[in-house]
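As they're listed, the protein sequences go chains L and V. Counting from 12, one number per residue, gives the positions in the first sequence under the working numbering. Counting from 128, one number per residue, gives the positions in the second sequence under the working numbering.
Hints are computed from structural coordinates only; laboratory data are not their basis. Some hints could be false.
The following residues of chain L were derived to be distant from chain V, with all beta-carbon distances above 12 Å [claimed, not checked]:
1) Arg-174
2) Asp-241
3) Gly-302
Simulated pairs of lysine-lysine, DSSO-like, Cα-Cα distance not exceeding 30 Å [said to hold, decoys possible]:
4) Lys-192/L with Lys-354/L
5) Lys-354/L with Lys-665/V
6) Lys-354/L with Lys-591/V
7) Lys-591/V with Lys-665/V
Even for Gly, the Cβ is constructed at its ideal location relative to N, Cα and C.
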Amino acid sequence: MAEYQTCDRVRRRDFIKIGAVAGGLTLTHFLRNAAAIEDSAPRATSGIFINLGGGPSHLDTFDLKPEAPAEYRGTFDPIATNVPGIAISEHLPKLAAQADKFAIVRGVSHTLAAHELGSRYVNTGNRPLASIEYPGIGAVVTKESEAFSDLPPFVAIPNTPQRAGFLGVQYSPLNTTQTPKPGAPFSVRGISLGNGLTIEEVERRQGLLRDLDRTFGALHEDSQLLEGLDRFSQQAFQIITSKRAREAFDVSRESPAFAEPFGKEPFGQSCLMATRLIEAGVRFVTINFGGWDTHQQNFTRLKTRLLPALDTGLAALFNGLSDKGLLSTTAVLVTGEFGRTPKINSRAAEGGRDHYPRCMFMLAAGGRVRGGQVLGGSDETASQPAGHGYSPADVIATYYRNMGIDPTREFLTNSGRPIMIVRDGQVIDSLLA
Amino acid sequence: MFCRTICRILVAWSILIPAGSQAVDATEPLADARQRFTEAEGQEVPDFQRHVAPLLGRLGCNGRNCHGSFQGRGGFRLSLFGYDFPSDHEALTRGAAPRVSVANPDESLALRKPLGLEDHEGGQRLSEGSWQHHLLRRWIAAGANPMPRGGHRIERLQVEPAEVFSESTGEKIAVRATAFWSDGTAENVTSLCRFQTNDEHVARVDEHGVLTVGEPGDTHLIVYYDSAVVAVPVMRPAVSDSAGAIIAQSGRTELDRRVLTKLNKLRIVPSEICTDEEFLRRVSLDLAGTLPSAAEVERFLADGSSDKRAAKIEELLQTPAYAAWWTTRLCDYTGNNEQRLNNIDGIQANGASDWYDWIYRRVSRNEPYDRLMAGIVLGTSRNKDESYNDYCAAMSAIRRGDEGVHFFDRESMPYFWARRNFTSADDRAIGFAHSFLGVRLQCAQCHKHPFDQWTQSDFNGFKKFFEAVVAGNARPSPQSKRDYEAMIEELKLDEKKLKDNDRAKALAALLKKGRTVPFGETYVDFQRLRAKPRGRGKAANEVRAKILGGEEISLTSGEDPREAVMRWLRDPANPYFARAFVNRVWANYFHAGIVEPPDDMSLANPPSNALLLDYLAQEFIAHDFDMQWLHRQICNSDTYQRSWQSNATNRNDERNFSRAVPRRLPAEVAYDAISRATASDARASDYLQLVAGRAIGIAGSSGRLDRGGNNGARFALQVFGRSTRDSNCDCDRSMEASLLQTVYLQNDASVLAAIADAKNSWAQQIAREFTTAGEGDLPTIDRGIDQAFLRTLSRHPTPQDLERCREFFADSRSARDGLSGLLWALLNTKEFIVNH
């Protein structure tokens with residue numbers, strides 16, 4: 012099997028060719044096979060990362076303080092969930108009905124109050140440094156996972172702040188660049204046959220290509236580039252002509268009964284696509300859901316638009332994964348780049364909340380995550396963690412552990428510098444079963 | 128056993144400190160520590176800097192996983208990779224639980240833990256009764272003293288042999304390292320050095336400095352001691368030559384001679400000279416970023432003159448395409464990124480295009496490299512002696528696009544300093560070193576650079592040069608404040624009400640009406656350079672900065688501090704400025720730099736051919752930094768014009784330039800190549816004269832600023848790894864192949880349209896020819912096949928190719944389908960996407 016030089020100077024086998032050997036192998040089969048090998052260490056084999064860009068208010072969602080003074084408390088009331096003792100915002104009723112499926116981490120805390128820096132932190136698990144670009148979580152998972160040869164291993168809906176960083180572009184996501192519309196066919200640029208081409212015509216052209224592409228002859232043995240190009244050529248052909256790849260992105264193929272709970276908003280439709288992709292065998296999916304930067308009109312925007320969309324999409328995602336039997340093998344993390352100021356500002360008629368990294372929340376579900384629990388907490392005005400709190404790095408280290416990836420492992424940069432996957436994180440054992 | 132090692136008893140000097148005293152103590156160096164400290168007791172007291180700290184490094188104590196980690200381990204922290212002697216000494220001897228006990232040395236944790244007598248997460252590192260144990264113990268017993276005030280200064284580290292040449296795999300060669308100190312003493316420090324080889328396949332080294340020779344090839348042994356880093360070349364020839372069959376070659380140009388000197392040593396026979404087809408394709412892509420058209424190939428092949436290659440090089444150097452491609456590269460090195468330039472001068476302007484155009488103007492006029500760079504290094508918004516009002520009037524005219532006024536005519540290009548990610552002195556020191564020196568200074572921001580000479584104090588001294596530069600601000604300099612306020616009043620702008628975007632919009636509207644509006648400024652704030660008074664009777668504290676590896680300079684003279692740095696860059700003795708550029712240009716023409724990666728010029732990453740790099744850098748300076756001279760030298764050499772076809776001696780050579788190594792086309796070049804290969808003859812004819820509409824003419828980093836209205840480029844450029852110009856690394860440009868690139872070439876709608884039926888496509892033109900000549904007209908088919916090969920692979924089809932293509936046409940539904948299929952197949956050959 013071909014070997015490729017990667018930027019960490021390690022020759023490693025290229026993508027494992029499961030799909031090519033047994034085209035009909037489903038994920039469930041694959042997982043069963045994998046489970047047979049690693050029975051003793053159950054773990055999530057796929058991941059979903061939901062990025063709430065802008066920084067959602069913790070006080071109005073998952074960390075309410077009904078007893079706090081009015082200038083902190085806001086206008087939302089808590090409601091009970093299906094787990095006794097856990098209450099969340101009244102505008103998240105669908106999530107409240109299945110709080111047993113996810114864990115809430117409160118009192119997550121850091122110090123980066125700028126969008127970009129905070130976002131880089133929560134998307135990589137490392138406080139950003141000028142001298143190095145840390146890889147996004149999806150890039151690390153892609154590097155560490157086996158993947159089907161006719162599917163992209165890492166998909167971003169519609170894009171993501173997660174980049175491959177020093178790991179190298181081959182671990183970059185495939186961006187869908189758009190979100191699906193309810194019931195409408197969807198495809199991603201380049202990966203389904205276009206311009207009236209048929210599989211027969213592509214095969215005919217491939218035949219000509221093979222005969223013409225012989226100039227370098229024996230040089231292949233000495234050139235990883237030439238050999239790699241040959242491999243990519245086969246794989247591209249597999250993806251382009253793969254029914255599975257094409258259908259995985261096409262949410263319109265989902266049964267109406269299954270699709271209906273995901274609603275009509277772009278976020279819900281993205282969640283629907285994520286379940287399809289994970290079911291097909293994609294290893295890592297990110298969803299970008301922005302608009303949480305509520306400096307003004309915090310309550311109106313949350314209650315009319317943001318929270319209903321989040322509630323519908325996320326609840327349907329947890330349910331959908333669960334119905335398909337995928338929740339136990341799919342690690343889900345939901346987070347913004349920071350929380351928002353507990354004290355409501357009064358710059359406009361309806362006030363808002365500003366950037367606040369000292370206290371925020373994250374949601375975790377799937378894989379080994381023990382749902383139906385709250386970890387950590389905050390003080391009476393949700394201004395700082397109660398007790399020592401957690402860092403984003405802690406939660407992300409736990410996320411890697413959930414996926415069976417040792418967060419203290421080191422990769423080498425192309426200058427030979429060893430970099431830990433998560434530099435400063437402590438795994439939170441109680442989050443996992 | 129007969130040792131065939133040729134140990135040249137030349138001496139490898141570490142090029143460290145410009146030697147204060149070259150006088151070498153004639154006395155014999157002290158014997159190695161492992162011999163001097165074999166006994167538990169003795170006269171000699173070990174020194175903290177010379178012996179104890181390096182020993183801790185050798186034992187691995189200050190590694191990043193042990194006590195060198197920023198959090199320390201087990202409550203004990205050492206500086207990462209050593210060299211912070213005072214704090215390391217303090218960590219050992221002070222605190223609530225000191226690691227040493229002078230009163231009772233054997234009870235010291237610093238001994239008990241590494242000896243394994245007490246719980247130690249790092250395990251046993253010392254054995255009882257060893258010289259290492261005795262060295263540490265004797266230092267503790269004698270008082271655990273720090274090094275003398277100010278420390279010892281190492282003058283040089285001498286490693287013997289200075290070069291290792293071996294013919295037999297498995298041969299073992301011991302090296303010896305001697306430290307020469309500024310006090311005139313010398314000492315064998317072999318047992319206290321750290322050793323490493325840069326390619327384990329060619330040679331391995333153990334902790335005692337004994338090399339074991341491996342596979343044929345060449346690499347370097349790197350020796351570290353104190354702040355010194357010395358590289359020793361290690362060579363193992365590719366083939367044995369007992370019969371003397373391999374004849375040393377002599378070169379045609381000086382450049383070739385320098386390459387061949389090394390190849391002869393390694394007994395590598397270089398490849399033959401490439402064909403005319405290969406030469407034309409390669410030089411057009413490398414020098415001008417442009418795939419030759421079918422007509423250009425035919426013309427070149429038909430030209431019978433003996434100097435046609437040199438003439439082609441000359442011709443390409445004069446094209447806009449050459450200037451555009453090299454402007455793109457210079458924008459890479461200097462970091463032209465439009466996202467970092469958002470609204471930098473307060474008018475929502477497009478600094479990235481100004482940046483590109485300013486460089487383009489100078490490259491196309493072949494302005495000397497040092498002068499071009501000085502315009503960036505010393506960038507200020509106002510020209511010399513220009514008033515604030517005149518500056519604003521000029522910029523307003525430029526932004527309005529008034530006839531005859533251009534940004535590129537301004538004296539300097541200030542946006543380098545104005546980028547949003549370039550505001551702190553730390554970021555500037557790192558970015559400056561990357562752009563102009565090809566040096567990675569990042570490590571020294573927090574600790575001694577593990578692979579180079581730089582310490583944190585070097586870093587902090589260097590960054591001082593950049594602290595007073597104020598940029599990226601929509602406001603004027605303090606001196607311009609009055610003029611600015613007058614202008615605001617005249618324009619009847621309410622500054623208090625207008626924040627950021629609204630202000631920019633209001634100014635843009637006034638600009639459109641023909642008014643002169645205020646612009647932000649990049650300037651030096653001399654207030655920050657004033658000496659700080661220290662109280663009565665004391666001399667004021669001067670603001671000082673330090674050149675990397677050079678002198679300290681006072682910044683209070685009233686001169687722009689960057690002038691001093693620029694003088695240093697231009698100094699012919701500067702080891703980086705010319706070298707960095709020459710090496711980057713070289714890397715563009717070959718698959719790798721002479722130093723690789725090209726932006727990592729460090730002592731532990733030496734050039735694969737130092738003589739070659741020296742020659743090019745010296746001559747580049749001697750030719751007044753003439754960029755075209757450099758391109759001409761390289762392109763006209765045999766070394767550049769070699770075939771990719773290898774022979775038995777050079778098939779594994781990738782670092783000594785004995786053959787052309789196939790490499791993927793850079794993103795912009797690939798995109799333009801696809802569009803030229805598929806364009807109609809009329810449209811493809813003037814690519815060398817085009818900048819607008821071409822990917823090599825895009826100013827910023829994202830492809831968003833395409834002035835040719837060709838918005839399709841952005842996606843492709845991202846997929847093919849156009850430089851993101853974002854992180855002070857030449858690796859922001861990706862030259863790797865990827866699956867998505869292949870998916871793009873095989874199946875992207877834009878490519879499929881270009882080969883099938885797009886407007887102004889060659890497919891459309893040929894379809895018309897078939898309409899005239901008839902679908903099955905064989906001469907038209909043959910001509911189409913020939914042209915398709917010339918357009919994509921820059922060669923005629925071979926007879927087998929032609930045969931196979933005729934079959935394909937016969938099997939196609941229509942001639943037009945046949946042609947699309949053929950173009951598709953050719954664009955997807957490795958021969959197309961690889962420069963060879």
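Hint check:
no.: 1; hint: Arg-174; verdict: 9 Å, violated
no.: 2; hint: Asp-241; verdict: 7 Å, violated
no.: 3; hint: Gly-302; verdict: 18 Å, holds
no.: 4; hint: Lys-192/L with Lys-354/L; verdict: 38 Å, violated
no.: 5; hint: Lys-354/L with Lys-665/V; verdict: 50 Å, violated
no.: 6; hint: Lys-354/L with Lys-591/V; verdict: 40 Å, violated
no.: 7; hint: Lys-591/V with Lys-665/V; verdict: 23 Å, holds
The structure fails hints 1, 2, 4, 5 and 6 (numbered hints given earlier, in ascending order).
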